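In order, the protein sequence lines correspond to chains A and B.
0 is the number of the first residue of the first sequence in numbering that gives the first Met the number 0; add one for each residue after it.
0 is the number of the first residue of the second sequence in numbering that gives the first Met the number 0; add one for each residue after it.
There may be inaccurate statements among the hints.
Facing chain B, from chain A, some residues (calculated, C-beta under 7 Å) [unchecked claim]:
1. Ser72
2. Gly91
3. Thr394
4. Leu413
5. Ile415
Using 20 Å as the maximum straight-line C-alpha spacing, the simulated SDA-like pairs for lysine to any residue come out as follows [stated by the list, open to error]:
6. A:Lys55 to B:Asn166
7. A:Lys51 to A:Ser427
8. A:Lys51 to B:Gly127
9. A:Lys55 to B:Thr48
10. B:Lys45 to B:Gly127
11. B:Lys345 to A:Ala122
12. B:Lys45 to A:Ala122
13. A:Lys55 to B:Thr106
14. B:Lys345 to A:Arg117
15. B:Lys345 to A:Ser427
Non-contacting residues of chain A with respect to chain B, defined by C-beta distances greater than 10 Å in every case (computed) [said to hold, decoys possible]:
16. Gly109
17. Val128
18. Thr152
19. Gly300
Calculated directly from the structure, the hints in this document are not laboratory data.
If you're wondering where the values come from, they're calculated on a predicted model, not measured in any experiment.
In this text, a Cβ means the ideal position worked out from N, Cα and C, and glycines have one as well.
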Amino acid sequence: MEDLLAARAQMAMSLAFHIIFASVGMAMPLLMVIAEALWLKTGAKVYLLLAKQWAKGTAILFAVGAVSGTVLSFELGLLWPGFMNYAGPIIGMPFSLEGLAFFLEAIFLGIYLYGWERVQRYAHWFAGVMVLISGTLSGIFVVTANAWMNTPTGFSIANGTVTDINPVAAMLNPSSFSQCLHMCLAAFLAVAFATAGIHAYYLRRDRSNIFHRKAFAIALTVGSVMALLQPISGDISAKRLAKHQPIKLAAMEGQWETVHGAPLRIGGIPFEEFEETRYAIEIPKALSFLVHADFNAKIMGLKEIPKENRPPVAIVHIAFQLMVACGIVLLVAGCLGGWLAWRRKSLPIEGWYLRFVTLCTPLGFIAIEAGWTVTEVGRQPWVIYNIMRTADAVTPMPHLIVPFLSFTVLYIFLSIIVIILLRRLFRSTLAKAVSAGKI
Amino acid sequence: MFEFEFCIAGVMLISLILYVLTGGADFGGGIWDVFATGARANAQRKLITEAIAPIWEANHVWLIVIVVLLFVAFPPAFAAISTALHIPLTLMLIGIVLRGSAFVFRTYDVKEAGEHEPDRNEEREQSGPAYRRWSRVFAGASIITPIMLGVTLGAVATGTIHVNVENGQVDTDFVSSWLAPFPFAIGFFTLTLCALLAAVYLTLETEDSALQEDFRRRALIAAGSVGVMAWLSFMLSAEGAPTIRRGLSSSTWAICFHIITGTVSVTGMWAIWKRRFRLASALVPIQVGLIIFGWGVAQYPYLVAPALTFSNSAAPAVVLRLLLIIVGVGAVIVLPAFYYLYVVFKGRRRT
Ligand code: HDD
Ligand code: HEM
Ligand code: HEM
Numbered sequence: 000m001e002d003l004l005a006a007r008a009q010m011a012m013s014l015a016f017h018i019i020f021a022s023v024g025m026a027m028p029l030l031m032v033i034a035e036a037l038w039l040k041t042g043a044k045v046y047l048l049l050a051k052q053w054a055k056g057t058a059i060l061f062a063v064g065a066v067s068g069t070v071l072s073f074e075l076g077l078l079w080p081g082f083m084n085y086a087g088p089i090i091g092m093p094f095s096l097e098g099l100a101f102f103l104e105a106i107f108l109g110i111y112l113y114g115w116e117r118v119q120r121y122a123h124w125f126a127g128v129m130v131l132i133s134g135t136l137s138g139i140f141v142v143t144a145n146a147w148m149n150t151p152t153g154f155s156i157a158n159g160t161v162t163d164i165n166p167v168a169a170m171l172n173p174s175s176f177s178q179c180l181h182m183c184l185a186a187f188l189a190v191a192f193a194t195a196g197i198h199a200y201y202l203r204r205d206r207s208n209i210f211h212r213k214a215f216a217i218a219l220t221v222g223s224v225m226a227l228l229q230p231i232s233g234d235i236s237a238k239r240l241a242k243h244q245p246i247k248l249a250a251m252e253g254q255w256e257t258v259h260g261a262p263l264r265i266g267g268i269p270f271e272e273f274e275e276t277r278y279a280i281e282i283p284k285a286l287s288f289l290v291h292a293d294f295n296a297k298i299m300g301l302k303e304i305p306k307e308n309r310p311p312v313a314i315v316h317i318a319f320q321l322m323v324a325c326g327i328v329l330l331v332a333g334c335l336g337g338w339l340a341w342r343r344k345s346l347p348i349e350g351w352y353l354r355f356v357t358l359c360t361p362l363g364f365i366a367i368e369a370g371w372t373v374t375e376v377g378r379q380p381w382v383i384y385n386i387m388r389t390a391d392a393v394t395p396m397p398h399l400i401v402p403f404l405s406f407t408v409l410y411i412f413l414s415i416i417v418i419i420l421l422r423r424l425f426r427s428t429l430a431k432a433v434s435a436g437k438i
Numbered sequence: 000m001f002e003f004e005f006c007i008a009g010v011m012l013i014s015l016i017l018y019v020l021t022g023g024a025d026f027g028g029g030i031w032d033v034f035a036t037g038a039r040a041n042a043q044r045k046l047i048t049e050a051i052a053p054i055w056e057a058n059h060v061w062l063i064v065i066v067v068l069l070f071v072a073f074p075p076a077f078a079a080i081s082t083a084l085h086i087p088l089t090l091m092l093i094g095i096v097l098r099g100s101a102f103v104f105r106t107y108d109v110k111e112a113g114e115h116e117p118d119r120n121e122e123r124e125q126s127g128p129a130y131r132r133w134s135r136v137f138a139g140a141s142i143i144t145p146i147m148l149g150v151t152l153g154a155v156a157t158g159t160i161h162v163n164v165e166n167g168q169v170d171t172d173f174v175s176s177w178l179a180p181f182p183f184a185i186g187f188f189t190l191t192l193c194a195l196l197a198a199v200y201l202t203l204e205t206e207d208s209a210l211q212e213d214f215r216r217r218a219l220i221a222a223g224s225v226g227v228m229a230w231l232s233f234m235l236s237a238e239g240a241p242t243i244r245r246g247l248s249s250s251t252w253a254i255c256f257h258i259i260t261g262t263v264s265v266t267g268m269w270a271i272w273k274r275r276f277r278l279a280s281a282l283v284p285i286q287v288g289l290i291i292f293g294w295g296v297a298q299y300p301y302l303v304a305p306a307l308t309f310s311n312s313a314a315p316a317v318v319l320r321l322l323l324i325i326v327g328v329g330a331v332i333v334l335p336a337f338y339y340l341y342v343v344f345k346g347r348r349r350t
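Whenever a hint applies, use it, and build me the whole structure from the sequences.
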């Protein structure tokens, strides 16, 4: 394997691994804080038990998130010294703010996880709120760094060197708002539905189990709200792309020709050798309408730029379809749940609905991975859009295949262990929950 | 002298000291996990686990702060170090990943298994096969990681990472800067420092005087090893790191500095011997802090000798000023929270 390819693969693998744990670190505190607040308010023991059990799972996942994040911080230099040498000062601000947020997150998480008996009830709940806030902030900060790679601002270039650095402007670049919003919603959505799915699985075996009923209710409510908001925020992202990264949008849609009134394609396979997208269902003029609110608006096509500057179109297009498909299924799940609950004035625990939600367990995470593939692969061949090519950023270190394979094996191993431990945790939760159900 | 870049460099040095004093001691805990022996082996392991469980993730963030400050404030240095020292840094990262995950896996593997069989008592749980397997990984990783951290710092000090200041290219074979006696001496020196810190802190973590004795003995052994490694590193620096050697031996302040560090170390050892554990756990961190501080000052004015100094590798002043503001605000927010964490988990034993 060529070194550049190995470096890209290692970066992609490390990020894809980290993002799962990072999402959990952002979103589980929300669920725990809600459960604990309900305990403080109602005094019902089941909520306390719920918060404690969720905290145990979070402890495992958070530790893996923290160590895999550390790997990423170093990998920026280990793999892309050229990029960091260039971009370090410009995007340093979000990274240093992120460091601050990590501190608060790790400190209050320590108090939250191990301090049940050591601090007062309200101080404990407050620690949970702090974890939620600082976790979300750390996600936001790092995504602004990524947004800058998509729409670099806040500096100018004179004779090939960077001058006039304005780190604040770099952080508040045109993509920051839409990407951060979309990522935060994605984390809450994916984690809430995964949680709801797991509890739905256990509820199907024992409908009267009060522990799983409460857990399902909290997670499904959070997930449904996020599922409603996510397509709106995705639309904001797409509009921003049309303005700032039209080629990425063209790749997402498999749009080769520049036209007025471009269609929205569902499915289909873009063929780079023929420069066209085949087998897609086309909704006439819908794309133009969605991104410009005008059925005849002009959409730029891939043929507009030379071949060597185009991203791998098929990957981007298919990943985008996958993300949207997952989003729609989750939206349906959320709306159905709301409708059932409203009609029956109680928790929707019909067997078929529980099975449906169980099947939704991985969808949010699949959408997150697919969405990041769209963003990152769609930016190729640039690491900093229109400024630095990925090939120019890579380290001169030879044999990069070795660290790539080592980290891959390590992460596969960790994933297996995490799954085994979580399964064991759920089983023992089950044992406890049954006894709690008899309270 | 008091330019922004020196302020940032100072913050980095303080962060490194705090990282070794807190995170380093967590690694030290792992080292003593390997050497948990005798009738109280399980009690020792339990003490170590309970001492580090709530705080290690917060302690670990100091390392991230150092890396972030390095790449924001001194980007060419970050690029050069992570290119030339790719291999030891990667080994350190693997160590970090395995240490952290094995530690939580170990905690949750036994607890949850135990819930199925409530009749299993804790003692037996801790000697169960899953616990022992994870302990081995945790302990091994706790040894590799500080060694590799020390090797990295030692390699930076050798002055063999040649950077072309014009274009930032590093001239390196990726191996010879770090695969040498001096960096490894620093690696093992770091390891002994971590072991010493952990043993001294652990004497305060328990009321059980037998356990205290165990860790007292370990602290004495570690303090002796620190002395040996300090001497060995200093000897090897003549050839391995001439710049540092000059900084550490030629000037009057250097002599005074050696005398102070030496006095603190010997007094610390005496305090351990006399079972003045509270005093020892104040003196030993000062000793370790002084050692790292001395190294940092001896590096001056080079960040990555011979080409990169603090001044010629610094990011533009706007960036540094903003960074300092963030560091200042961050300190006001983080330090009280960090203190609170320690009060919650470490304060009680004092009363
Ligand atoms: C639960 C996850 C999830 C779901 C259901 C969706 N997305 Fe998404 N999407 C992401 C998770 C995500 C993401 C992983 O978080 C990305 C990657 C980068 C980013 O900012 O968000 C993303 C990126 C992303 C981008 C590219 C932004 C860029 O390159 O900067 C667009 C245009 C959309 N999304 C649009 C949508 C639309 C129209 C959806 C309709 C249902 C949708 N997403 C559902
Ligand atoms: C979109 C991508 C990312 C998001 C949303 C994100 C978010 C988070 C969150 C919420 C955490 C808290 C720990 C946890 O939950 O396990 C975390 C940990 C961490 N992340 Fe990421 N991250 C992302 C990518 C990155 C990247 C690219 C880097 C490196 C430059 C990075 C570095 C870290 C580090 C060092 C930690 C450990 C902090 C600690 O010890 O507490 N992350 N990340
Ligand atoms: C966590 C979610 C993310 C995922 C799943 C992800 C995925 C990827 C993928 C698939 C690539 C390889 C692209 C290719 O070579 O075709 C890549 C490259 C890269 N990503 Fe991301 N990314 C994420 C977030 C981030 C963030 C937050 C940052 C920076 C702050 C970042 C920085 C980079 C860099 C520097 C590269 C290498 C250069 C390049 O290939 O353009 N990524 N990522």
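Status of each hint after checking the structure:
1. Ser72: This interface hint holds because 5 Å falls under the 7 Å limit.
2. Gly91: 3 Å, holds
3. Thr394: Given a least distance of 6 Å, the restraint on A:Thr394 holds.
4. Leu413: 6 Å, holds
5. Ile415: At 11 Å from the nearest chain B Cβ, A:Ile415 fails the 7 Å test, so the hint is violated.
6. A:Lys55 to B:Asn166: Since the Cα atoms of A:Lys55 and B:Asn166 sit roughly 50 Å apart, the hinted pair is violated (cutoff 20 Å).
7. A:Lys51 to A:Ser427: Since the Cα atoms of A:Lys51 and A:Ser427 sit roughly 13 Å apart, the hinted pair holds (cutoff 20 Å).
8. A:Lys51 to B:Gly127: 25 Å, violated
9. A:Lys55 to B:Thr48: Measuring from Cα to Cα gives roughly 16 Å; hence the hint holds.
10. B:Lys45 to B:Gly127: Holds, at about 14 Å.
11. B:Lys345 to A:Ala122: Since the Cα atoms of B:Lys345 and A:Ala122 sit roughly 17 Å apart, the hinted pair holds (cutoff 20 Å).
12. B:Lys45 to A:Ala122: 27 Å, violated
13. A:Lys55 to B:Thr106: 10 Å, holds
14. B:Lys345 to A:Arg117: 11 Å, holds
15. B:Lys345 to A:Ser427: 31 Å, violated
16. Gly109: 4 Å, violated
17. Val128: Given a closest Cβ separation of 13 Å, the condition holds.
18. Thr152: At about 15 Å from chain B, A:Thr152 clears the 10 Å cut-off, so the statement holds.
19. Gly300: Non-interface label stands for A:Gly300: nearest chain B Cβ at 38 Å, farther than 10 Å.
Figure legend: structure checked against the earlier numbered hints; hints not met, in rising order: 5, 6, 8, 12, 15, 16.
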